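> Letter by letter, the chains look like this.
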Amino acid sequence: MKRVIEIIAFSTLIVLPFAACSNDNNSTANNVDTAKTTAELPKTSVETATVSIGEIVKGYLSLKNALTVDKTKEAATAGAALEATFKSFNKAALTAEQKKVFEDVEDDAKEHAEHIGSNGGNIEHQREHFETLSKDIYALVKAFGAGQTLYQDFCPMYNDKKGAIWLSETKGIQNPYYGKKMLSCGSMKEELK
Amino acid sequence: MSRLKKILLAIFIGFVAIQFVQPARNTNGQVLATDITTVVSVPDSVHTILKEACYDCHSNNTNYPFYAYIQPIGWLLNKHIQDGKSQLNFSDFGSLSKRRQESKLKSIANQIKDEAMPLPAYTILHKNAILAKAEKDLIISWANTAKDSLSQ
Chain A
1 MKRVIEIIAF STLIVLPFAA CSNDNNSTAN NVDTAKTTAE LPKTSVETAT VSIGEIVKGY
61 LSLKNALTVD KTKEAATAGA ALEATFKSFN KAALTAEQKK VFEDVEDDAK EHAEHIGSNG
121 GNIEHQREHF ETLSKDIYAL VKAFGAGQTL YQDFCPMYND KKGAIWLSET KGIQNPYYGK
181 KMLSCGSMKE ELK
Chain B
1001 MSRLKKILLA IFIGFVAIQF VQPARNTNGQ VLATDITTVV SVPDSVHTIL KEACYDCHSN
1061 NTNYPFYAYI QPIGWLLNKH IQDGKSQLNF SDFGSLSKRR QESKLKSIAN QIKDEAMPLP
1121 AYTILHKNAI LAKAEKDLII SWANTAKDSL SQ
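Sequences listed follow chains A and B, in order.
Counting from 1, one number per residue, gives the positions in the first sequence under my numbering.
Counting from 1001, one number per residue, gives the positions in the second sequence under my numbering.
Take these hints with a grain of salt, some might be off.
Once the Cα atoms are required to be at most 30 Å apart in a straight line, the calculated DSS-like pairs of lysine-lysine come out as [as the list claims (entries may be wrong)]:
1) B:K1051 / A:K58
2) B:K1098 / A:K91
3) A:K91 / B:K1106
4) B:K1079 / A:K162
5) B:K1133 / A:K58
6) B:K1005 / B:K1098
7) A:K161 / B:K1133
8) B:K1051 / B:K1006
9) B:K1147 / B:K1133
10) A:K99 / B:K1147
11) B:K1136 / A:K87
12) A:K161 / A:K91
13) A:K161 / B:K1136
14) A:K73 / A:K181
15) A:K180 / B:K1098
Hint data in this document are derived by calculation from the structure and do not stem from the laboratory.
Every value quoted in this text rests on a predicted model; they were computed, and no experiment measured them.
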């Protein structure tokens, strides 16, 4: 009997830390997509609404530059910062039509930025998310303008040779998908004013 | 009673007590109007693999093993299921915007290609969820085709 109690006690001790962190999840409803509930933006007052598309673009570019030099930790930091920028974005100033475009991109971009932020150390996975994020940011820039000249570049090799785009603030090619392995691989496709 | 026995007894009582805290089951049974099959075409061969290897944590219907009824294992599983569903829920795929659907399909292909999913912690107990090369290729090419069908 004593032996049995010992075994049960021991196994309980081992799994207890897991149980502790699972508790907070019990309250969330079963069939609700939690991604949806987190999509609600915190209300920001008018005077704190200093974030513009320009801030988002800046955040994206620093992420891109970190990937260009193969710095996975810096990319993670930039990804987390970009996610925060999206979260604090004040949509109140947008027209109904702009809001539609923004919201279409927002949830997707935020999720990719978040994953890049939480995958420091796995640069290939960060780049996978960066690829779709680039399309999202491109759509935003097309709709809102970036407040600066940007270049849409194209890497024909990435994604099983299906190719991938990215946005850059410099005219010269610096490929964020392969870093120093093939930094100058790619071509400029479009100049965005 | 020695001190040690008292402690063990307390732990044992605690273990029994937590058995009464059972998380809600993730079993819905019905196919929602927003199910993935309503959005893109899912061949039976693909659907079978998805059900076997993904649906426990990425749908509204988990096929629970017996040990899920033992706490705190059940809590741990519940956390995995909630996390999994928050990232991707095949049962409610249609509620996402088109942009996100494409994005998710691409991530499915990438996760399989990178062998990040199914999780090792899952396949160790679910041998059926270990995907053979042909099965992986099937999922990847399905996800890519489905993604392309959306972007047209």
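> Now tell me if each hint is right for this structure.
For each hint, the structure was consulted:
1. Proximity of K1051 (chain B) to K58 (chain A) is assessed by CA-CA distance (about 42 Å); at most 30 Å being required, the pair is judged violated.
2. A distance of roughly 21 Å separates the Cα atoms of K1098 (chain B) and K91 (chain A); the hinted pair therefore holds under the 30 Å criterion.
3. The suggested pairing of K91 (chain A) with K1106 (chain B) holds, with an alpha-carbon distance near 28 Å, which does not exceed 30 Å.
4. The suggested pairing of K1079 (chain B) with K162 (chain A) is violated, with an alpha-carbon distance near 36 Å, which exceeds 30 Å.
5. Taking the CA atoms of K1133 (chain B) and K58 (chain A), the gap is near 41 Å; set against the 30 Å cutoff, the hint is violated.
6. Under the criterion of a C-alpha separation no larger than 30 Å, the hint pairing K1005 (chain B) with K1098 (chain B) is inconsistent with the structure, at around 60 Å.
7. The hinted pair formed by K161 (chain A) and K1133 (chain B) meets the criterion: a straight-line CA distance of about 21 Å does not exceed 30 Å.
8. The suggested pairing of K1051 (chain B) with K1006 (chain B) is violated, with an alpha-carbon distance near 47 Å, which exceeds 30 Å.
9. About 21 Å separates the Cα atoms of K1147 (chain B) and K1133 (chain B), which keeps this hinted pair within 30 Å; it holds.
10. At roughly 25 Å between alpha-carbon atoms, K99 (chain A) and K1147 (chain B) fall within 30 Å of each other, so this suggested pair holds.
11. Between K1136 (chain B) and K87 (chain A) the CA atoms are separated by roughly 36 Å; this puts the pair beyond 30 Å, and the hint is violated.
12. Proximity of K161 (chain A) to K91 (chain A) is assessed by CA-CA distance (about 37 Å); at most 30 Å being required, the pair is judged violated.
13. Between K161 (chain A) and K1136 (chain B) the CA atoms are separated by roughly 19 Å; this keeps the pair inside 30 Å, and the hint holds.
14. Taking the CA atoms of K73 (chain A) and K181 (chain A), the gap is near 18 Å; set against the 30 Å cutoff, the hint holds.
15. Between K180 (chain A) and K1098 (chain B), the direct Cα distance comes to roughly 34 Å. Violation of the 30 Å bound is thereby established for this hinted pair.
Comparing the model with each earlier hint shows violations of hints 1, 4, 5, 6, 8, 11, 12, 15; every other hint is respected.
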